[in-house]
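Add chain A to chain B, keeping to what the hints say.
Chains as they are written, first to last, in numbering that gives the first Met the number 0: chain B, 0 to 128; chain A, 0 to 285.
Read the hints as simulated data drawn from the structure, not as lab findings. Backbone N, C-alpha and C fix where the C-beta goes; we use that ideal spot for every residue, glycine too. Incorrect hints may have been included.
Unchecked claim - Taking lysine-lysine pairs in the DSS-like style, the calculated list, with each CA pair at most 30 angstroms apart, reads:
#1 A:23 x B:35
#2 A:177 x A:166
#3 B:73 x B:35
#4 A:30 x B:112
#5 B:112 x B:124
#6 B:73 x B:112
#7 B:112 x A:166
#8 A:30 x A:136
#9 A:177 x A:23
#10 B:112 x A:136
#11 B:124 x B:73
#12 B:124 x A:166
Unchecked claim - If you want the ones that stay clear, here's a sample from chain A, every Cβ over 10 angstroms from chain B, calculated:
#13 13
#14 41
#15 70
#16 84
#17 106
#18 116
#19 143
#20 183
#21 186
#22 265
#23 266
#24 283
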Amino acid sequence: MSEQDQFDDIPGTYLFDRHRSRQGYHLNMFFFSLMKAENREAFLADEEGYLDRFPMTPEQRTGVLERDWLGMIKLGANIYYMSKFGATLGRSFQYMAGAMSGVSQEQYADMMKAGGRAIDGNRSKSEDN
Amino acid sequence: MARIVGGLATSHVPAVGAAIDLGKTQTDHWKPLFDGYEPAQQWLARVNPDVIVLVYNDHATAFSLEIIPTFGIGVAENFPPADEGWGPRPVPTVEGHSELAWHLSESLILDEFDMTMINEMPVDHGLTVPLSLTCGKDSRCEAPDHWPHRVVPISVNVVQYPPPTGKRCYDLGRAIRKAVEAYHEDLDIVVYGTGGMSHQLHGERAGLINREWDTAFLDDLTQDPERLQSIPFIEYVRETGAEGIELVMWLIMRGALGDDARELYRHYHIPASNTASGLIVLEPAA
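Next up, chain B with everything else stripped away, as it sits in the complex:
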């Protein structure tokens, strides 16, 4: 199996490789800009206007406006950059993780308290695992 095929074989996982880094550059630099308090304020005051500063794709822009966390990851967002957007909205890593895996934050937190997502059955799309 090629390296790329091995990456793609892991379920529910989007490695931040060269393809996603190129695809997501402007989206991630938008997230990064939210490290500054004045930029957070400017974004929250006028989301559309603020996003005009970043030449992202229409799909990425929609993902931001609709808080489509998994959709943004699929369009090249990196989780550490996206966490700045989460923080701007008062959303934690656990909230985003719940949203991306299709459950509420509370259900997700309960899963973690019970030991987390099991590795068995989550290693590979193609093989017995």
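Here is chain A on its own, set in the frame of chain B:
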């Protein structure tokens, strides 16, 4: 001559920093995690190093996609806690050891590890949470007015693929040991590796935990470090979650301890937010 007197590795979960900063360490949920740090705090106070060489990764804080250094070293006199999107953590400024850091830079580069030297670097939870956990006061981890040890930060890219290999990290640790031993001043140094253990923060597989794999990793830091050096990137991702790749930073710490090391203490707790939290204290075998 300076010498490496110990090694410590710990997870560096941002929610752990938030629990400390918001005074939640004594709650039923958090207390078992923080109680586990008290023996490491006592060990560190007893060893009382002059400097901690602290290996960590920046999480899209000081560095962005504009510039992605594989290995960086903080050469400044001090490093301010970063604003990661919710204001800086209320912890002291980190004091560096500029002269030692420049010595390490020169020695490492001449030893063929091409470090990026960094003078301006706000430090995020990756660096400040380990300091809070190990230099804070008891299981509350309240920060002192000044951190009791100087810190030379070593940053590692583990965000953009490809991160450095486990073997490369281990070899960097060995080169750090050599450089430390060539330093003129009589300093006691502890090396930290941080990040991990198993965790995945993104995608439908978020929340992945692998206790069995983590336990074998902790065991083999002393029993079979050769095996750990050869673990490929894809195994970290598949078995420990995409963000578990941070564990390669523990191998820099391990490499810095020399061929043989003894385990003094470990603590493993699930969960710290999304993460299996690990802690281990090692000392070089005499």
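Status of each hint after checking the structure:
1. Of the pairs offered as hints, the one joining residue 23 of chain A and residue 35 of chain B holds, with about 27 angstroms between alpha carbons and a cut-off of 30 angstroms not exceeded.
2. Taken as a hint, the residue 177 of chain A and residue 166 of chain A pair is honoured in the structure, with Cα atoms around 17 angstroms apart against an allowance of 30 angstroms.
3. For the proposed pair residue 73 of chain B and residue 35 of chain B, the alpha carbon gap of about 26 angstroms is at most 30 angstroms, so the pair holds.
4. For a cut-off of 30 angstroms, the pair hint linking residue 30 of chain A to residue 112 of chain B stands: about 14 angstroms separates their Cα positions.
5. The suggested pairing of residue 112 of chain B with residue 124 of chain B holds, with an alpha-carbon distance near 26 angstroms, which does not exceed 30 angstroms.
6. Simply put, residue 73 of chain B and residue 112 of chain B have alpha-carbon atoms about 28 angstroms apart, close enough for the 30 angstroms limit, and the pair holds.
7. Annotation: proposed proximity of residue 112 of chain B to residue 166 of chain A is violated, straight-line Cα distance about 34 angstroms (limit 30 angstroms).
8. Proximity of residue 30 of chain A to residue 136 of chain A is assessed by CA-CA distance (about 14 angstroms); at most 30 angstroms being required, the pair is judged to hold.
9. Restraint check for residue 177 of chain A and residue 23 of chain A: the C-alpha separation of about 41 angstroms exceeds 30 angstroms, so the hint is violated.
10. With a CA separation close to 26 angstroms, the supplied pair residue 112 of chain B and residue 136 of chain A stays within the 30 angstroms bound.
11. Restraint check: the Cα-Cα separation between residue 124 of chain B and residue 73 of chain B comes to about 17 angstroms, which is no more than 30 angstroms; the hinted pair holds.
12. As the CA atoms of residue 124 of chain B and residue 166 of chain A are separated by approximately 28 angstroms, the hinted pair is consistent with the 30 angstroms bound.
13. Distance check for residue 13 of chain A against chain B: the nearest CB is about 7 angstroms away, which does not clear 10 angstroms, and the non-interface claim fails.
14. The claim that residue 41 of chain A is not at the interface with chain B holds, since no C-beta of that chain comes within 10 angstroms of its own (minimum 29 angstroms).
15. Here residue 70 of chain A stays apart from chain B, with its beta-carbon at least about 18 angstroms from theirs, past the 10 angstroms limit.
16. For residue 84 of chain A, the condition that its CB be more than 10 angstroms from all CB atoms of chain B is violated, with the nearest at approximately 3 angstroms.
17. Once the 10 angstroms rule is applied to beta carbons, residue 106 of chain A is consistent with being away from chain B; the minimum gap is 31 angstroms.
18. Residue 116 of chain A, annotated as away from the interface, keeps every beta carbon of chain B farther than 10 angstroms; the closest lies near 23 angstroms.
19. Every CB of chain B lies more than 10 angstroms from the CB of residue 143 of chain A, the least distance being 27 angstroms, so the non-interface label holds.
20. Every CB of chain B lies more than 10 angstroms from the CB of residue 183 of chain A, the least distance being 39 angstroms, so the non-interface label holds.
21. Remark: the non-interface label on residue 186 of chain A is consistent with the geometry, its nearest Cβ contact in chain B lying 33 angstroms away (cut-off 10 angstroms).
22. In this structure residue 265 of chain A is separated from chain B by more than 10 angstroms, as the shortest Cβ-Cβ distance comes to about 19 angstroms.
23. Residue placement check: residue 266 of chain A keeps its beta carbon more than 10 angstroms from all beta carbons of chain B (closest about 17 angstroms).
24. Against chain B, the non-interface label of residue 283 of chain A holds: every CB pair exceeds 10 angstroms, the least being about 33 angstroms.
Taken one by one, the earlier hints fail for this structure at numbers 7, 9, 13, 16, listed in ascending order.
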